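Student: Okay, here's what each chain looks like letter by letter:
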Amino acid sequence: GAVVSQHPSWVICKSGTSVKIECRSLDFQATTMFWYRQFPKQSLMLMATSNEGSKATYEQGVEKDKFLINHASLTLSTLTVTSAHPEDSSFYICSARGTDTSSYEQYFGPGTRLTVT
Amino acid sequence: KQEVTQIPAALSVPEGENLVLNCSFTDSAIYNLQWFRQDPGKGLTSLLLIQSSQREQTSGRLNASLDKSSGRSTLYIAASQPGDSATYLCAVQGSQGNLIFGKGTKLSVKP
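Read top to bottom, the protein sequences are chains W and V.
Counting from 1, position 110 in the first sequence corresponds to residue 110 in the working numbering; the numbering is continuous, with no gaps.
Counting from 1, position 52 in the second sequence corresponds to residue 52 in the working numbering; the numbering is continuous, with no gaps.
FYI, nobody ran anything at the bench for these hints, they're computed from the structure.
The model shown is predicted, which means the values in this text are computed figures rather than measured ones.
Take these hints with a grain of salt, some might be off.
Under the rule of at most 16 Å between Cα atoms (straight-line distance), these lysine to aspartate or glutamate pairs were calculated in the EDC-like manner [what the hints assert, rightly or not]:
id, chain 1, residue 1, chain 2, residue 2
1, W, K41, V, D39
2, V, K1, W, E59
3, W, K14, W, E59
4, W, K66, W, D88
Throw the hints in and build the complete structure from the sequences for me.
Tutor: Here's what the structure looks like:
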C-alpha cells in the first residue's frame, strides 16, 4: 500500500524557535497533502490543505504566517512552526492523496510530536 | 458545517465479545467514510473505507456499514481480542477532499 513518512517523529524545542516537519510520500505521487493537529484526548483537526506548486489553503483560525506550508514537489510537503510557543505543543499528522480519483483515499504519516518548552 | 459524533466515547469488553462502534454525521453529502485505528501516541491506521455508493465493507473480523441517508455508520468487531485495544476514529470526506474526524471511541478488550 501507499506509504507516507514524517520526520522527525518527535521534537522538543525552546519557545521562540522555529521547527520544520517533513511529510513524504514514498511510493506514490501526492498531488494533495493535508496537515492535521491533534491535542491530547481530542480528535484530529485539519489545519491546511496544500496542492503541489500552489499556496496552501488554511482552515479558519489557523495562522498562515505562523504555520508555513510548502509543497514544492509531488512527494514532499513541509510544515514550519515559526516562533513556537508552548500552546503549539501537539501531535502533527500529515496525509497525502494520490491521483486515484476513484477513491480519493488519504494515506497518513505516523505523526510528529512537538513539545515546546 | 459537517459534524461527526462517535458513541460511546469509551468501551471496555471482555475478550471474545462482539461489539459495535457508532458514528453519526450531520451532512449526508459525503464522498466517502473511513474508519481508522490509533494506538496511543501513534499515527493512524486505515481500517476500512466505504464509498458513498456502498453500503458496507468487510476486512477480516471487521465490518463497517454506511447509511448515508440517515447519517450513520457502524463498525462491527467480531470476537474481540486484547490486541484490538485502541482508539477507533470515524472520518467523513466531503467534496473538498478534507476529512472531518469524530473524537473517537477508546476500546479496551480485557483478557
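Student: Given the hinted pair W/K41 and V/D39, is their alpha-carbon gap at most 16 Å?
Tutor: holds, 12 Å
Student: If you draw a straight line from the CA of W/K14 to the CA of W/E59, is it 16 Å or shorter?
Tutor: Judged against 16 Å, a Cα distance of about 26 Å means the pair is violated.
Student: Quick one, are W/K66 and W/D88 close enough, alpha carbons at most 16 Å?
Tutor: With Cα atoms ~10 Å apart, W/K66 and W/D88 stay inside 16 Å; holds.
Student: Assess, step by step, whether the Cα of V/K1 is no farther than 16 Å from the Cα of W/E59, and give holds or violated.
Tutor: holds, 13 Å
Hint compliance for this structure: hint 3 is the single one not met.
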